[in-house]
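Chemist: One letter stands for each residue in the lines below.
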Amino acid sequence: NAGVTQTPKFRVLKTGQSMTLLCAQDMNHEYMYWYRQDPGMGLRLIHYSVGEGTTAKGEVPDGYNVSRLKKQNFLLGLESAAPSQTSVYFCAIKRGAETQYFGPGTRLLVL
Amino acid sequence: DQQVKQNSPSLSVQEGRISILNCDYTNSMFDYFLWYKKYPAEGPTFLISISSIKDKNEDGRFTVFLNKSAKHLSLHIVPSQPGDSAVYFCAAKDGGSNYKLTFGKGTLLTVNP
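Listed in order, the protein sequences are those of chains E and R.
Under the working numbering, the letters of the first sequence match residues 1 to 111, in that order.
Under the working numbering, the letters of the second sequence match residues 1 to 113, in that order.
Isolated chain E (complex conformation) (with noise of 0.2 angstroms):
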């Protein structure tokens, strides 16, 4: 998964819950991203950034909170979950001009 690792694979919440995921990156890729999955809907920005410190909004931030402290590290977190929010979660990096790379997804489902 072109060295993307995330944290947890899987969770169960229960709504009003918090939890945050982690994505980490072993090489120096200034671009990282956070998609969610749902059936039918394909692959749906919420937050992305564009080097360390930074993060912008994407398709569907609501919800969600990001940081980019260390450059390696991009966290995603859910404030208060609601059960709209179970999802399969994608994180990515850039590498090259377009290309993203993803890793291998948190499955959470919020009760």
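One or more hints might be untrue.
Heads up, incomplete: computed chain E residues facing chain R, CB under 8 angstroms, no partners named [as the list claims (entries may be wrong)]: (1) Ala24; (2) Leu45; (3) Phe90.
Calculated from the structure, these hints are not laboratory results.
Cβ coordinates follow ideal geometry from the N, Cα and C atoms, glycine included.
Take the given structure of chain E and dock chain R to it, following the hints.
Modeler: Relative to chain E, chain R alone:
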């Protein structure tokens, strides 16, 4: 509005035959296109790409064709193999952004032995 469309949710082909996956786009500013393959419980894997200045790119069994006037691209897999069974996503990059991709909803390809 959906800027990248994969109108076929699924496609079934026989092993050894050609698989053709289609993708249409609406944004004329897209200048780079990519195809990803995704197996269940894994992350998407980059497959092949094409710049808008080209109309064809080939890599082994995989060929991507781009028709800019029709805003249409297609992925050809020849010959298809059972291991090609996966969801295929089309993605596009806006020329005004060097770091964001827009994805289609995906097409599930099933290659039958």
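Chemist: Hint by hint, note whether the structure agrees.
Modeler: For each hint, the structure was consulted:
Taken as an interface hint, Ala24 (chain E) does not check out: its beta carbon lies about 14 angstroms from the nearest beta carbon of chain R, beyond 8 angstroms. Because the closest C-beta pair between Leu45 (chain E) and chain R is about 7 angstroms apart, less than 8 angstroms, the hint holds. At about 6 angstroms, the closest approach between the beta carbon of Phe90 (chain E) and any beta carbon in chain R falls short of 8 angstroms, and the interface hint on this residue holds.
Hint violations for this structure: number 1 only, all remaining hints satisfied.
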